[in-house]
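Peer 1: As given, the protein sequences belong to chains S and W, one line each in that order.
Mapped onto our numbering, the consecutive letters of the first sequence carry residue numbers 142 to 236.
Mapped onto our numbering, the consecutive letters of the second sequence carry residue numbers 1212 to 1610.
Bear in mind the hints are in silico, worked out from the structure with no lab data behind them.
The C-beta atom is built at its ideal place from N, Cα and C for all residues, glycine as well.
Each statement offered as a hint is correct.
Rough simulated footprint, nothing fancy, chain S against chain W, three-plus residues with beta-carbon under 8 Å: (1) 1527 to 1538; (2) 1546 to 1552; (3) 1567 to 1574.
Below, a sample of chain S positions facing chain W; criterion: calculated Cβ distance under 10 Å: (4) 160; (5) 162; (6) 164; (7) 165; (8) 168; (9) 169; (10) 171; (11) 172; (12) 186; (13) 187; (14) 188; (15) 191; (16) 192; (17) 194; (18) 198; (19) 200.
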Amino acid sequence: MNAAADQGPTIVDARGLRCPAPVIRLARAAKAAAPGERLTVLCTDPAAEHDVPAWARMRGHTLVGTVRGPEHVAITVEVRPLHASSRDDEGPAAP
Amino acid sequence: MSTYPDPSDGARDVTDPTSRAGTRRVVLDAGGHAPLLPEARQAFLEALDQGWADPRRLFSEGRRARMLLDGAREAVAAVVGARTEQVDLAPSHVAALHGAVRSVARGRRRVGPGVVTSAVERAALLQAATFTAPDDHVVVPVDGSGRVDVDAFSSAVAAPGVALAVLQHANGEVGTLQPVDEVHAAARSAGVPLLVDAGASLGHTPVPPTWDLLAADAADWGGPAGIGVLATRAGVRRTPDWPEDDDRWFPGGVSIPAALAAAVALQVAEARRVREADALRDLVDRVRTRVVADVPDVEVVGDATDRLPHVVTFSCLYVDGEALVTELDARGFGVGSGSACTSSALEPSHVLAAMGVLTHGNVRLVLPTGTTEADLDAFLATLPSAVAQVRSALGVERL
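Pulled out of the complex, with its shape left as it was, chain W reads as follows (with noise of 0.2 Å):
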């Protein structure tokens, strides 16, 4: 597996079609769905050519499939910093952390039925704990940064009848980096293990060793969507719960051209990372710094330095999150919501519920790779007249 050259910026300069033809679009909501990185789509094309094959025959392709395939879980495995049998791919993120949970808790079962996770891992995975362990899952609170409370989720982990633990490195709607070395020390004290969920942090920022299970989704490092990561240290106890297959733990397999375009993605955003992390940083430090200078009454919330480089999130007062999503879009920018009115279900996000802060007139910005500071730029020059045209309509000006 080689590493490809420099990739050219300006993938996200697109036009979108419902749109005046010629308006430019900056995405600045690239979480879980980054734009994919062009290293990624021509591996893609050529494992198209290379790998079509079943990686089960015995005849040439087939053999020469199965070495693509491995050849992906090896480079994962190298960044990840695990071995090669260690590392199972899965059909999605929401793929690992259901296989990883449901196959930990029957592999576990006779230790007990208790899944313990933060309040603020993603909803996939609380369904999953929920799923599972219906009358013993226990959710441990967060501060209002959205870190999780070290000596709570330590006396959880050690109370009897736990099966498995879970947290994520990082929250992927606020940025906010958890205590994972504790966590992770605190489980295995308790002889249970620790599930980390770096699906918002891997390629981004560096992955501690420390956790039994890792997940992570190649979608949001820059890799095409329908590829997760399901890393398994040695020791750690799993059963599946589901039929028995080829492909015990994902049965059924994965695309064998995007499990190689996953892998060309991490390789280029881990090199890219310890490139560029900083310009990304910066810029959410600006994006910080001057939201609060410009609009009123606005928190901007999530740890301000022990944080994700690339993820910024800020509620303003008195504003209809789907109201300020549409004006920007308007205004030729994508961002994200985590406010009930953007969500299908009309509930709040339960990552900023279970911080205490406010849930309504929410952005959330996830910046892709290559984002430039004339990109933000142009988002902030816009965004106080955005959030003062969507107040006015309500009304609330002086209030």
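Looking at chain S on its own, in the form it has when it is part of the complex (with noise of 0.2 Å):
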């Protein structure tokens, strides 16, 4: 995922996933993103419409705006500038 800031969102689909899959797929897309990366996921789950915010919140991300369509909603979000994490440790780790 290299989508430069100006170019569309990059599309995260958490439709059909029950809380708190929406939020940890999202979370995945934006520790892979550039900085400045918009994200926008698209949810089927009550709570994600109330998570995403706060997540974003929480990580320092920026909401850029939400979307109720008949099917689903679309939130967008913007990774924060400073991305710290690196990209090498997906995945479970021991317990």
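Once you've looked at the hints, go ahead and assemble the two chains, each given alone in its own frame, into the complex.
Peer 2: The following block contains the structure:
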């Protein structure tokens, strides 16, 4: 994912997933994204509309906007400018 | 009505028949369903013998039942600061809220249909407001701590056509106290009666006198389930929108043993609250501090100081609330949650949503009276690994 900030947002499809899965899928995408990149997550879970903005606030990302469609909600966030974490530690770690 | 001596602790030290024999259980979610206080149990059993008769009958047994019922109302009235005849007992807290909204809306229908509430009233109240005023239910937002916006509430009650305003004294999910005094002043100057829902606070913290109607829940303060309270000040115009009955406000009346037990429990809870509120408050402060220190990516929600002494709620990022409740249960701790996956409707708590805080991974503690430091320390010791275990299953440790 190398989309520049001025290109269209990257779509993260979390339709059909239940909480907290949409936020987790978005967080994985944000981790792989470039600073300033925009991500739009599509969700059908009623909790996601509340949890995505709360997650963005806790992680320092910027909430760009929420669009409620008939089938799903689309929430766009902009990845925080100084993205500190590395990309090599995805996946489950040992408990 | 007498106040019983000090209760013995340990009523919550129960063994779940579905788990391994002898497993110690610590229930930390008593909101609206507290363990029955021993004094209330004793009063209930005595009233089964003394107050079984129909209180409307004119023979001795009936008069004795009536006396017990009126004694219960008198005791509740003394605690809430009302006259006995202003206190009605309902078959549940929900029935008290429904009855209040419906009867005031009908009694004041010439003023208009409007009902103003905060966004974080309990679901039964919000449903009653929407049912009664489908097109005229005004919902006033709250801030990030769950406190209602006083200016917005004041403007809403001052608008024309408002029959009733409703504000909880404290939020039972996050503990935040509401600005009842300011909102009552605004409602009074607008000539609108204010129903204060003390369902989460009566018996736990002092309830202010700034209300026109007051609702409360006996099961929340350690009385039996099946008794709600509705107190109505003189001058509030109410009319039933249901059939006439000898028990005008709550047709069919209430169980007399339950009413007596509820009143005894309230007296005990009030006496205890004065002695023990600081102890519970300190325990909650400890939870608020330790959870943030020991669990990564956690948000403690609700006001840190202006709150109920016994309620604390926090949300853990990337955690499935149902999985966490289940894991803690397996470790011997009963906790609540406002997360969507723990509700039958799969909708998150409207309170957490209105506050704009994380709704998933939510844990709610409503400490029963008598919760010990050892109970809480055992919970705090196991919580970090329980959260880590649930996160590990989702593979989210470093997100």
